[in-house]
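Using the sequences and the hints given, assemble the complete structure.
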Amino acid sequence: MTDLTKLTLAEARDGLAKGDYTSVELTEAHLKSMDAHRNLNAYITETPEKAMEMAKASDAKRAKGDAGKMEGLPIAVKDLFCTEGVQTTAASHILEGFKPEYESTVTSNLFGNGAVMLGKANLDEFAMGSSNTSSYYGNVVNPWKDKSGKDLVPGGSSGGSAAAVAADMALAATGTDTGGSIRQPASYCGIVGMKPTYGRCSRWGIVAFASSLDQAGPMTKTVRDAAIMLGSMAGHDAKDSTSAPIAVPDFEAALSGDIRGMKIGIPKEYRVDGMPEEISKLWDEGVAMLRDAGAEVVDVTLPHTKYALGTYYIVAPAEASSNLARYDGLRYGQRVMDEGDSLDDMYMKSRAAGFGKEVQRRIMIGTYVLSAGYYDAYYNKALKVRRRIYQDFEGAFGQVDAILTPTAPSAAFAIGENEGDPVKMYLNDVFTVPASLADRPLSRRTAAGSTADRQAV
Amino acid sequence: MSSLDKETVRRIAYLSRINVSEEGLSELAGDLTRILDFVEELQEVDVEGCEPLTSVADLTLPLRKDEVTDGNIQQKVLSNAPMTDAGCFVVPKVVE
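As you go down the protein sequences, you meet chains A and B in turn.
Sequential numbering from 172 applies to the first sequence in the working numbering.
Sequential numbering from 30 applies to the second sequence in the working numbering.
Be careful, since some hints might not be right.
What the hints assert, rightly or not - Under the rule of at most 27 Å between Cα atoms (straight-line distance), these lysine-lysine pairs were calculated in the DSSO-like manner:
| # | chain 1 | residue 1 | chain 2 | residue 2 |
| --- | --- | --- | --- | --- |
| 1 | A | LYS221 | B | LYS105 |
| 2 | A | LYS232 | A | LYS221 |
| 3 | B | LYS35 | A | LYS410 |
| 4 | A | LYS520 | A | LYS439 |
| 5 | A | LYS270 | B | LYS35 |
| 6 | A | LYS520 | B | LYS122 |
| 7 | A | LYS520 | B | LYS94 |
Treat the hints as calculated values from the structure; they're not laboratory data.
Next comes the structure, spelled out in structure tokens:
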């Protein structure tokens, strides 16, 4: 029998429909793979019992002729999505033991369409990071190694999701992307990650980081799989007032492969100094592939690119400082309190013990840029620059249908690299952040190839 | 523009309601100053006549009827609380 964990989502869907195997068999195969790859630490919480229950129910549903779009397909769920009755931590100590009483809209859509949950995937704490090293539950290891066999980061924040898919521990996984958290780990682990346009998927029930930027999307083995999964995740939701009230098209049917006559833009500002040759070479190869397929490649300019990171690292922490104010040690999560403590003492001790270093830094930067006397100089200024970045993209998309860029300025780096200096880690988001701020649905990455080190890019 | 001193960091930490030790304050002053230096380059951008962009969602916030749509879930609301009593959250004493 074929190894069921090697299948793509589309192949597994079709095999289930033909009766080649059952969801129970498919799910068991993935649970075994999770056992075998536990050293990668891709999951914070494994839910094998729930998975088997869901798989059995799915097989029964199919037998009645009632199969959904994701029927019987086992997936990983980033531990930022609230899942009813299953611990949801956001990779933070402050939410350890938190069991939501409700289901996020995205997971509810997926499960409604028949998907089976294998477990909750690891991530950077509160999705703040580019290496998955800030998780309270330990870092994730990239299934790919460098030439010397050294362990690499899987990228972040959706590092557990990316590693789980790359190591065949799930057919696909959900991710979320605020400044690159789907695209960069997908790139580092050699899978497909898609950040949909803001509003395409409901944010309801996703632990909030920066609400004007957060967006859920699929992490899969192929582009077709991403189209299938996004179709199941997306849709308008009255519980998220920023979710787009427009119909969800059939993304899979739109994959014609025909790009003849399409105009593809290449932004010159993305040719940054010191970009490794293997990245620029792959980029050039991508351009050649598109040209061979009949697309017209043109140069475009996004003049405010160099200001995108600075803008992002004001806007995102500002929104985070407000969103994370809810962790107060009262309603859910960890509480630290000693005899005779005041309410303030309890807040301050609980939040000091519950949040990791990077999260604390971002809350404080966000608090500072929103505080009286600094609001205009920092926050308001950043929002105005964000408008400029938006205008750049508007201008470019007046000329072209899509833009092709690298995802990150390097391939996956070693665990422990880029630590110690917060700014150094932020630089990794240089190519993903502009599109987040301007939000255009150009932010898809596909497996382009591998570097000389045989790492995925 | 700004190098944050320890007292400023102490104030930010308090506004953020995060307890920080004395040594922690110095370390944070360094980290936060690095981050502020990094975002400093925004000051050179000409934003004359530019409206702030708070969200890319091109939507007017929808209104709905002002009516009760859920409720009667006291147990669910309290189920994750660190401390409850008689159907209420328990907080430290706030009035003398």
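Q | Unmet hints by their number, sorted upward, for this structure | A | 3, 4, 5, 7
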